[in-house]
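Construct the entire structure; sequences and hints are all you get.
Chain order of the listed sequences is D and H. Per the numbering used here, residue 1 is the first one in the first sequence, and the count goes up by one each step. Per the numbering used here, residue 1 is the first one in the second sequence, and the count goes up by one each step.
Hints may contain errors.
[To be verified] With a Cα cut of at most 35 Å, we get these calculated DSBU-like pairs of lysine-lysine: (1) D:Lys62 to H:Lys87; (2) D:Lys7 to H:Lys132; (3) H:Lys87 to H:Lys40; (4) D:Lys7 to H:Lys131; (5) H:Lys87 to H:Lys131; (6) H:Lys120 to H:Lys132; (7) H:Lys87 to H:Lys17; (8) D:Lys7 to H:Lys182; (9) H:Lys182 to D:Lys37; (10) D:Lys62 to H:Lys132; (11) H:Lys131 to H:Lys40; (12) H:Lys66 to H:Lys120; (13) D:Lys62 to H:Lys17; (14) D:Lys62 to H:Lys120; (15) H:Lys66 to D:Lys62; (16) H:Lys87 to H:Lys182.
[To be verified] Derived list of chain H stretches under chain D, where covered just means 3 residues or more per stretch with a C-beta under 8 Å from a C-beta of chain D: (17) 10-20; (18) 26-34; (19) 45-53; (20) 60-73; (21) 120-132; (22) 167-178.
In case anyone wonders, no lab produced these hints; they're calculated from the structure. Yeah, the Cβ is synthetic: ideal placement off N, Cα and C, and Gly gets one too.
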Amino acid sequence: MNHLTTKEILQYVDGTILNGERTRVVDHLEVCARCRKELEFQRALGRIARQTPLETASTQLKERVMERVVPGKQHPWLQKVINNLGNVLAMAVVLGILGYALSTPTAWKSPEQPAVITDVLKTYSDLYGQAQQYLKTQSAKMQSTRVSTSSTGSERLILLTFLSLIILIAIDGLVVRTIMRARL
Amino acid sequence: MPKPDQEIIRRILAGEKRAFGELVDRHKDKAMTLALRMLKNREDAEEALQDAFVRAFYALPRFEWKASFSTWFYRIVYNVCATALGKKWGGVHISLDEEDEQNLDVPSEGAPPDVEYESKEFQLSVMEEVKKLPEMYAAVFTLFFVQDMSYEQIVEVTGLPPGTVKVRLFRARTMLRSAVAKRLGIRKEIAV
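Here it is as structure tokens:
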């Protein structure tokens, strides 16, 4: 007995078989167990293929698409700050530690420290001392012309930290914008 | 009840650009499935999909209202992925246009293995083998089974001749059949 071809079976499964052929295929299926088994196998394959779960696009996809089609609406300045909070905090910690080390020399002056680190810190301290001296001189000059409040080391540190954060956010924003433009 | 695509398109063309996000939400997973089956790499598929959505947005004023958005959009996705595949393969365009429909008249190879069609093993085998289909067959297969498109719609999306679509779909199905039968047959032999 000649079995049905795969094409005939698939057309029967899809319901696209021509009417004239259909009767012959149905008649054959009634008497041929192997072709009936093949038909069920193909039906099952199609059913599972349709049920296969869809792939999921990443959650950032929509955001990235919208940024490209409606630029500037997706990242208000506050969102930029939030997005860069990690960088901001890391910089704040670094500046805080550095500021503490420089403003309190006793914190790092320890006889057990290796000579190289001590030398490096001493150099930083000297430079910081010179900078402080220079600022004091400039401050004295300014005080002679107008009334001003004396700024302490800690106030300067806060000011420097604040300025650094603003510069960091600005650079970050600039980089993000450049990347977005490049992607367009 | 979900809003039809065309209503969303009207809003976008009327100036409500942010409504495009709704179209992205509606189509991203089905389009991702097509892109991933074609490109076989999640990163490339995401990039192609992003590109396709942006192209679709800027092409919306030229959208033909007679057509369905999905057919129109999947044509863009298909073209972007086909271009990406062309680049990946060094610009070599693989054409199977010479494929003859007459070649489909072949008897089915061997009897299928005895399996429980409702078993997890069978379902998992089919799902995994579907993902392994070669790129050029996977696209047509996905459009037919996942997007539930007719031959005519697939011809419209891919721009391939009807005969080529039929041949590719047929080959994809016979490949899947062989792979699943082989996999389950081997497992049964091991079990014995």
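Structure versus earlier hints, numbers of those that do not hold, lowest first:
12 and 20
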